[in-house]
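*Asks:* Sequence:
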Amino acid sequence: MSPSPVFPAQDPDYAFAMDATPTATARINKFNGTNFHTWKFKMQMVLEERELWEVTSGEVKLEHCTTTADQAMFKRKSRKALAIICLAMEDSQLPLVRSAKDAHDAWSRLEGHFEKKSLANKLFLRRRFFTTMMDEGDDVLEHINKLKTLAEQLDAVGAPSERVVPVPDHGVGVESRLAVVGTRDVSAAA
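The sequence shown stops at residue 590 when you use the working numbering, and every number in between is there.
Check the hints yourself; a few may be wrong.
To be verified - List of simulated lysine-lysine pairs, DSSO-like, C-alpha gap at most 27 angstroms:
no., residue 1, residue 2
1, K442, K522
2, K442, K430
3, K430, K475
4, K501, K461
5, K501, K430
6, K475, K548
7, K546, K461
8, K480, K548
9, K461, K548
10, K501, K546
11, K461, K522
12, K480, K522
13, K522, K440
These aren't lab readings, by the way, just hints derived from the structure by calculation. No experiment lies behind these values; they were computed from the predicted model shown.
Please construct the entire structure, taking both the sequences and the accompanying hints into account.
*Replies:* Structural data, given as structure tokens:
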């Protein structure tokens, strides 16, 4: 039997090894409504590892499956992905996906709810990005990661952040602040 064009043949040893190990979802925090960006990335990695991302993301749809075997495989993968997503959520978040018909529907509902592309959400994230300050004694790497996360959230809602470059404060020794620079020359900002 030749491999399916939609779902290539899988190594049976790999599939057995995946089933024999504890679930990767046990290693990530359940989604509680406040950590969507991080949870989304980790869930994508779990679903990629289990070869379920293509049905969750919508890269492969049921209508792409021409054979009965492919359709059955798609439905099985989608049910499995939906179960993994739901089991990685706190009970308080389940109403958002409880009536989802498949994994792609559930994922789209979560993205639509937590990554709204509305003007208000874009402005809210942009304000958080521009007003985030590092307090004295805070870890520099942690602060940079917070800014990177906010920039990624802005990108996800369709409001990419401008370039952020370190610019020295005038009259302050070695301390620096983050300045937002558009497409203008960086030297003009100093």
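*Asks:* Could you run down the list of hints and mark each one as holding or not?
*Replies:* Structure-based check of all given hints:
For the proposed pair K442 and K522, the alpha carbon gap of about 23 angstroms is at most 27 angstroms, so the pair holds. Taking the CA atoms of K442 and K430, the gap is near 10 angstroms; set against the 27 angstroms cutoff, the hint holds. Taking the CA atoms of K430 and K475, the gap is near 25 angstroms; set against the 27 angstroms cutoff, the hint holds. Simply put, K501 and K461 have alpha-carbon atoms about 13 angstroms apart, close enough for the 27 angstroms limit, and the pair holds.
Pair hint K501 plus K430 holds up; C-alpha atoms about 21 angstroms apart against a cutoff of 27 angstroms. Distance check on the hinted pair: K475 and K548 sit about 36 angstroms apart at the alpha-carbon level, beyond 27 angstroms; violated. For the given pair, K546 sits about 35 angstroms from K461 by alpha-carbon distance, which is inconsistent with the 27 angstroms threshold. Between K480 and K548 the CA atoms are separated by roughly 32 angstroms; this puts the pair beyond 27 angstroms, and the hint is violated.
With a C-alpha separation of about 33 angstroms, the suggested pair K461 and K548 falls outside the 27 angstroms cut-off, and the hint is violated. Between K501 and K546, the direct Cα distance comes to roughly 35 angstroms. Violation of the 27 angstroms bound is thereby established for this hinted pair. Simply put, K461 and K522 have alpha-carbon atoms about 30 angstroms apart, too far for the 27 angstroms limit, and the pair is violated. With a C-alpha separation of about 33 angstroms, the suggested pair K480 and K522 falls outside the 27 angstroms cut-off, and the hint is violated.
Straight-line distance between C-alpha atoms of K522 and K440 comes to about 19 angstroms, which keeps the hinted pair within the 27 angstroms bound.
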